Amino acid sequence: MENKVGRNIPQEVGCYSNLKPFSGTWERDIINSNDKLISLDDVLDKLDIRDGMTISFHHHFREGDILLNKILDLLSERGIKNLTLAPSSLGSVHSEIIKHIKNGVITKIHTSGLRGQLGEKVSRGLMKEPVIIRSHGGRAGAVETGRLKIDIAFIAAPTADYAGNISGSEGPSACGALGYARVDARNAEKVVAFTDNLVDFPVDSISIPQRFVDYVVEVDKIGNPEKIASGALRKTSTIPPKNMLIAEKVAEIIGSSRYFEDNFSLQTGSGTVSLATIDILKDMMSKQEIKGSFMMGGITGGHVSLLKEGLFDKIFDTQTFDLAAVKSIAENKDHIEIDAGDYADPFNKGPLVNNLDFVILSILEIDLDFNANVITGSDGIFRGASGGHSDTAAGSNVSIVVAPSVRGRIPTIKDSVTNVVTPGSDIDILVTERGVSINPHREDLKEDIINNTDLDVMEIEELQEKVEKLTGKPKPIEFKDNIVGLIEYRDGTIIDVVREVK
Amino acid sequence: MLYLPGNNPGMLQDAHVYGADSVLFDLEDSVVISEKDAARIMVKNALKSVDYGRVEVTIRINPLDTDFSRKDIEEIVPVQPDALRLPKSESAKQIKKVDKLIEKIEKKNKIEQGSIKLMPMIETAKGVKDVDAIANASSRNVALTIGGEDLATDLGVTRTRGGEEIFTARSLIVMAAKAAGIDALDTIYSNVSDIKGLVDETKLIKKMGFSGKAVVHPRQIKPVHNVFAPSEKKIKEARKIVEAAQEAEEKGLGVITVNDKMIDYPIVDRAQRILTYAEITDK
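Protein chains in written order, with the numbering used here: chain D, 1 to 502; chain W, 503 to 785.
Errors might be hidden in some of the hints.
What the hints assert, rightly or not - Dumping the calculated DSS-like pairs for lysine-lysine here, alpha-carbon to alpha-carbon at most 25 Å:
1) W:698 / D:282
2) W:550 / D:473
3) W:708 / W:698
4) W:735 / W:709
5) W:550 / D:466
6) D:287 / W:724
What the hints contain is simulated information worked out from the structure, not anything from laboratory work. Quick caveat, the model's predicted, so the values are computed rather than measured.
Full structure from sequences and hints, please.
In structure tokens, the structure reads:
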């Protein structure tokens with residue numbers, strides 16, 4: 001058979017069969033970078049979006065996200081139905097999509113978290129199919145192994161060039177690391193970057209390289225970076241006294257530990273307890289001349305100041321939590337962007353969570369077996385996210401969970417948590433303003449805390465009793481049989497189900 | 503001593519977790535008139551149901567010249583706080599009246615006689631002038647305290663960082679308290695974000711002879727403790743002195759020597775006090 005350049009090509013030679021004759025430079029689904037930059041309308045045509053597809057978004061803008069709601073409005077207008085929505089997480093801002101669930105545009109959701117109106121409605125039986133809750137590592141694993149197959153990844157790109165190179169840390173809407181989007185970009189069938197800052201080729205610091213990106217679309221605004229840090233950007237002096245007290249205890253526990261030594265590593269969240277703990281640790285490390293190896297997790301200006309002072313060598317950043325940290329990731333070579341797979345995918349050959357010494361995590365509830373709930377409130381309603389909770393608790397050497405002992409009038413320590421996200425075997429220490437409880441299997445930690453601090457250490461049962469003396473024992477909440485959520489453990493097994501609230 | 507408004511349930515239930523030696527539930531200035539009843543009932547129930555452990559609980563009742571104060575005493579004494587603070591104490595007569603009233607309530611509720619202590623607050627010029635009589639007015643008195651803000655208002659002066667305007671009052675209160683064999687406790691430092699100002703003032707009042715200071719925010723507890731906490735060196739010395747005194751007593755010796763130096767009894771007392779402070783401030 002004659003090919004495009006006039007040579008005769010056989011269909012078979014020896015053991016090689018089904019040979020394809022050359023048919024032209026751009027003929028065989030080869031993507032030309034010059035064709036990537038197209039309009040919003042064109043991209044929706046070209047993507048060939050069909051009923052039943054799985055679409056993904058990242059949640060790096062947290063409550064400042066704009067793209068997800070907007071795209072779903074457009075898909076709804078086009079009459080698309082039966083989609084699986086698989087973002088890295090959902091916030092209160094996404095309660096807008098309730099209407100698209102009601103009208104059948106979205107029939108399945110896979111996410112790390114559910115909050116606000118959406119969380120409440122789902123808990124009350126809004127959807128026919130249960131929502132799948134995954135940890136950040138669990139999601140990365142599911143995407144990388146193809147268990148969660150993404151047809152189209154819609155990526156809000158703070159800066160992009162015509163060829164599809166994306167940066168998270170530049171531009172007016174810079175959000176820092178694009179750790180979740182990177183996993184999707186590598187694995188989705190089609191990848192579209194939406195940017196409000198189209199720059200000359202090439203973008204400076206590339207989070208996602210052009211080889212993963214099919215289309216680039218210029219839009220007015222992709223998100224509000226100011227809303228990334230809801231509550232996270234607080235000065236130590238405005239931290240509520242109770243959280244300050246908990247932070248002081250956490251710092252004391254870390255300082256008392258045999259694992260607090262040169263080259264230790266640390267992950268914290270972005271809540272006020274974590275922020276205050278970092279501030280105290282900063283002083284402790286300077287005074288004791290201890291230098292850490294790396295910090296990880298949701299990164300804030302607090303972490304950045306420790307890096308700047310040389311108290312840690314590196315920051316590994318999957319998700320950037322405030323604007324000071326966004327600035328740092330753009331400027332500091334030791335502030336390194338990683339993706340959710342690098343961070344926590346249990347099935348790759350070395351997620352960084354396994355290198356962690358200490359992790360500080362918040363919880364909604366904990367029970368006498370130390371099982372932790374971070375997804376549903378004591379009213380049974382979705383109001384949180386699995387996040388990196390079970391990933392870091394499993395990988396780290398010392399996992400510390402923090403919570404006020406009473407929220408509203410409801411005690412945090414339950415006989416049995418409403419839902420298990422992280423198994424108690426992976427949780428080592430509970431710190432509340434009223435006392436500290438240590439998982440009985442960590443004799444080493446108990447020994448250090450008792451020998452080196454004056455903290456009120458008590459069995460978790462005793463702490464529960466102390467709190468219940470004040471609050472009484474709450475009546476258990478009632479659920480229907482209907483299952484509205486499946487909570488996957490990071491390895492893909494189901495650790496708990498969430499039932500519809502009465 | 504951490505002040506907390508008596509009408510905030512969240513604060514009442516957590517008051518003792520911040521490391522203050524004593525918590526002060528306020529029924530006076532931090533509670534508006536329309537909330538007086540509610541605060542009284544809430545504090546009463548908090549005392550009944552919350553276990554404050556080793557933390558001393560004191561209630562600041564309403565001023566003795568108001569109708570609220572009598573009700574406060576009648577409702578609060580039966581639930582046995584450690585002490586009552588009496589704002590705007592101006593005469594021995596007032597204190598004696600309160601003493602009698604408490605005695606009656608103690609009897610009626612079968613509470614050990616004299617177990618509810620008193621801390622008169624001196625916060626008017628009149629009170630300062632009668633401070634000796636006030637200090638000696640009741641055997642329930644365990645401390646005199648000064649209310650800086652009200653006193654400044656009464657004197658027609660403004661509060662300053664250096665506190666010159668209440669210096670004399672502070673001195674007179676310390677003298678009267680020590681002469682009566684009780685403690686003198688200092689007023690609050692209201693600017694919560696000025697930790698340096700708080701520390702400077704605490705250093706001053708410690709030098710003057712006050713044994714403690716009221717605080718209005720948990721953040722102020724540690725700085726105050728740090729000022730009152732004796733140094734490691736002082737604690738070591740004190741321990742040596744107290745041990746030597748015990749040894750001398752056991753052996754029946756009249757003379758105490760430490761490092762070949764003779765030690766007087768007042769020095770032993772002082773050493774004992776240093777050790778007490780060391781314990782209170784966790785040093």
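So, going through the hints one by one against the coordinates:
no., hint, verdict
1, W:698 / D:282, "holds (21 Å)"
2, W:550 / D:473, "holds (18 Å)"
3, W:708 / W:698, "holds (15 Å)"
4, W:735 / W:709, "holds (19 Å)"
5, W:550 / D:466, "holds (15 Å)"
6, D:287 / W:724, "holds (19 Å)"
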